[in-house]
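Enquirer: Could you slot chain B with the ligands onto chain A? The hints should help.
Chains as they are written, first to last, in our numbering: chain A, 1 to 254; chain B, 1 to 482.
These are calculated hints, taken from the structure and not from any lab test. Quick caveat, the model's predicted, so the values are computed rather than measured. It is possible that some hints are incorrect.
Listed below are several chain B residues computed to face chain A (Cβ distance under 10 Å; list not exhaustive) [said to hold, decoys possible]:
id	residue
1	H162
2	Y233
3	S235
4	E429
5	F433
6	Y434
7	Q437
8	R438
9	M442
10	G444
11	A445
12	L448
13	Y453
14	A454
15	K455
16	E456
Listed next, the in silico EDC-like pairs over lysine to aspartate or glutamate satisfying Cα-Cα at most 16 Å (straight line) [said to hold, decoys possible]:
id	chain 1	residue 1	chain 2	residue 2
17	A	K128	A	E163
18	A	K245	A	D221
19	B	K426	A	D54
20	A	K108	B	D441
21	B	K172	B	E229
22	B	K322	B	E230
23	B	K356	B	D324
24	B	K455	A	E144
25	A	K18	A	D69
Glycine included, every Cβ here is placed at the ideal spot set by N, Cα and C.
Listed below are the residues making up each chain.
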Amino acid sequence: MLSIKNLTVSIHGKQIIKGLNLEVKEGEVHAIMGPNGSGKSTLASVIAGREMFDVDEGEITYMDQDIFDMAPETRAREGIFLGFQYPVEIPGVSIANFLRTAINEKRKYLGLEPMTGAEFLKLMEEKKKMVEIHSKLTNRSVNEGFSGGEKKKNEIFQMAMLEPRLAILDETDSGLDIDALKVVANGVNKLRRPDNATIVITHYQRLLDYIVPDFVHVLYDGRIIKSGGKELALELENKGYDWVKKETKTDTVS
Amino acid sequence: MADKNNQILEEVTGSDYKYGFYTDIEMDQAPPGLTEDTIRFISAKKNEPQFMLDFRLKAFRHWKTLEEPKWAHVDYPPIKYQDLIYYSAPRKRPKYDSLDEVDPELLETFEKLGIPLDEQKMLAGVAVDAVMDSVSVGSTFKKTLAEHGVIFCSFSEALQKHPELIKKYMGKVVPHTDNFFAALNSAVFSDGSFAYIPKGVRCPLELSTYFRINAANTGQFERTLIVAEEGSYVSYMEGCTAPIRDENQLHAAIVEIIAHKNAEVKYSTVQNWWPGDKQGKGGVYNFVTKRGICEGENAKISWTQVETGSAITWKYPSLILKGDNSTGEFYSVAVTNNKQQADTGTKMIHLGKNTKSTIISKGISGGKSNNSYRGLVKTTRNAENARNFSQCDSLLLGDQCGAHTFPYLDVGNRSSIVEHEATTSKISEDQLFYCLQRGIDMEGAIGLIVNGYAKEVLSKLPMEFAVEAQKLLSISLEGSVG
Ligand SMILES: Nc1ncnc2c1ncn2[C@@H]1O[C@H](COP(=O)(O)OP(=O)(O)OP(=O)(O)O)[C@@H](O)[C@H]1O
Ligand SMILES: [Mg+2]
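If we strip away everything but chain A, and leave its shape as in the complex, we get (with noise of 0.2 Å):
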């Protein structure tokens, strides 16, 4: 579904990302883990399609389409959804507006009919549910006033609504609660299907256990040193990212 090769970015004439390889199939859920700085939310945005970044080498396709022919929008409207870690406030937009505006220009690029208000209210309810999210903050502006687990809380009501078929979330467990990390998570598992795919972005591996990975890849100078499986979470969370950095010193394995 996303397949990273030699991926190479930078801002400003400073590289971020050096050489970057990730190949993310249907059905899988991807960890990534690494220290602060060390790339992991650049990466997340270049495949959203920030134009901030400047990516001086290497491709990335998704659903066999060169992603960089694609606009950040069209990305959207593909099925690629990003959590951000620092979700933007939207002043007087209400979430249901902006929600009701993404959906349908979802379906409008799909070439299907506009939602009507009934079944967008529909969908909306069932979606609460799903996730556990109090029905007075779809009445509210975007963001705007929310505490910081509201706002986490939000970003996966969004993508409950928008159904992805690739989901990034980057550390949407930061500043949750114990009850909202179960919530999250669990609103991740049963978006789960064999059809789409997650990579899911955090530093504890705490979030591990809810959402279990297929595959944990540790991020370091914008490069992954290191992949396993969930247990290489558990490693990190022992041993701290020097060892990795020190083993794959003497291994140089990629």
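Expert: The following block gives chain B with the ligands in isolation, referenced to the frame of chain A:
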């Protein structure tokens, strides 16, 4: 320049015979230029009562002594007042036989605004089928109003049928001496609308739908006069979301609103004059004087305006709170894009005791436009316990546009409380990307964000127009960033 204008004026007025035209009542159009004869011609053409002609002449004589204001934060080539035509007979015949002949760009905009087909035709000047003609819509409308004693008609008609009301109220809120453009309008105004709500009557209809159908024919120098008698209520909407092109570049309208004791007037206006092309060529200059007065106790005027058009807008609607306990509200959204310039603002004049006012102004600038806001809040010595709250926000799209806020507070009474808040913000790249990432394209994103920003004001508009106004904001800002 003003000197030169005066010189030209003097030359012309001083030597009528040179251009000498004899007032020919059969003519459809007055010859270019402005003299007392032009004014007599207009008045005769409209078969006006003597008091009206006197009013016009007085205004004209005053206008000749004035200089065009130069202090607005705008820039435009001098207007050649002597080259203008001040009267032409209303065009009655449709210009086109079918919509196919109309400029496709205009039609596209109608489409985007969601204006019904029949209205599109009327707005574009296309002949309309007999099934739905404006005359019959108008007459059922008028019948309902008449049952309640509400007068709602053109200014010319009012002059014939209700001269005593016009004489009593016209020029009472905006006297001809008010400013250069008001004097000009008072001298040469073509037509406009008159609404009168009798004592204790709650106007059964929004005075809006009908208006829009006729809005396409707005004249160059219009006058609106709204009088709400004691204890009455009316919601009045004027203007048009559809873009109005006009060969007349200069527009100088006057709006006067009078709310008597316990009366409430809700006045909404959407203005979408043709702003000119991207270089600003061919756009309309909109210099208008609009003012309302809360004449009696507990009167209330609530004013909502959405302004997206014109190459140049010069507009300072004001409310005078004369009656004790009267209330004034002013909600405004002004959009400028490309090379548009707007110098707008509002004045709240508190004269009575316990008067309250609110000003919410939202400016949105894109492209290379310039948006200036001047607000004046004045409380006089007698205005005990007067209160005002003003909030003036500016939203910038891109780095090439400008927004300026000039608040003036003139507090003449110690017990009055005047609060002013101002913010300037930009649409952030993060916000735009957030929308893009959800599958909403750039224009949709700007539309959403801008409408969210202006929501507080848009929500005050009558329902049917709120939806259109939202679309209008998005359309006006197309191509405003990156
Ligand atoms: N807009 C930018 N301008 C300059 N530098 C940037 C920009 N965005 C990211 N960087 C730099 O790129 C590097 C990687 O940042 P990124 O946000 O991808 O890290 P991260 O792995 O997500 O970190 P964290 O775990 O703290 O979220 C950092 O050094 C960061 O300072
Ligand atoms: Mg990050």
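Enquirer: Could you run down the list of hints and mark each one as holding or not?
Expert: Structure-based check of each hint:
1. H162: violated, 43 Å
2. Y233: violated, 29 Å
3. S235: violated, 24 Å
4. E429: Constraint on E429 (chain B) satisfied, holds at 7 Å.
5. F433: Hint holds; F433 (chain B) Cβ to chain A Cβ min 6 Å, cut 10 Å.
6. Y434: This interface hint holds because 5 Å falls under the 10 Å limit.
7. Q437: holds, 5 Å
8. R438: Result: holds, 4 Å to nearest chain A Cβ.
9. M442: Cβ of M442 (chain B) sits 8 Å from chain A, so the hint holds.
10. G444: Holds - the Cβ of G444 (chain B) comes within 10 Å of chain A, reaching about 6 Å at its closest.
11. A445: This interface hint holds because 9 Å falls under the 10 Å limit.
12. L448: This interface hint holds because 5 Å falls under the 10 Å limit.
13. Y453: holds, 6 Å
14. A454: It holds, given that the least Cβ distance between A454 (chain B) and chain A is near 7 Å, below 10 Å.
15. K455: Since the shortest Cβ distance to chain A is 4 Å, the answer is holds.
16. E456: Holds, about 7 Å.
17. A:K128 to A:E163: This hinted pair holds, its Cα atoms lying about 13 Å apart.
18. A:K245 to A:D221: OK: K245 (chain A) and D221 (chain A) at ~10 Å, within 16 Å.
19. B:K426 to A:D54: violated, 24 Å
20. A:K108 to B:D441: Within the cut-off at roughly 12 Å; holds.
21. B:K172 to B:E229: holds, 15 Å
22. B:K322 to B:E230: Holds, at about 14 Å.
23. B:K356 to B:D324: Distance ~10 Å between K356 (chain B) and D324 (chain B) Cα, so the pair holds.
24. B:K455 to A:E144: holds, 14 Å
25. A:K18 to A:D69: violated, 22 Å
In this structure, the hints that do not hold are numbers 1, 2, 3, 19 and 25, in rising order.
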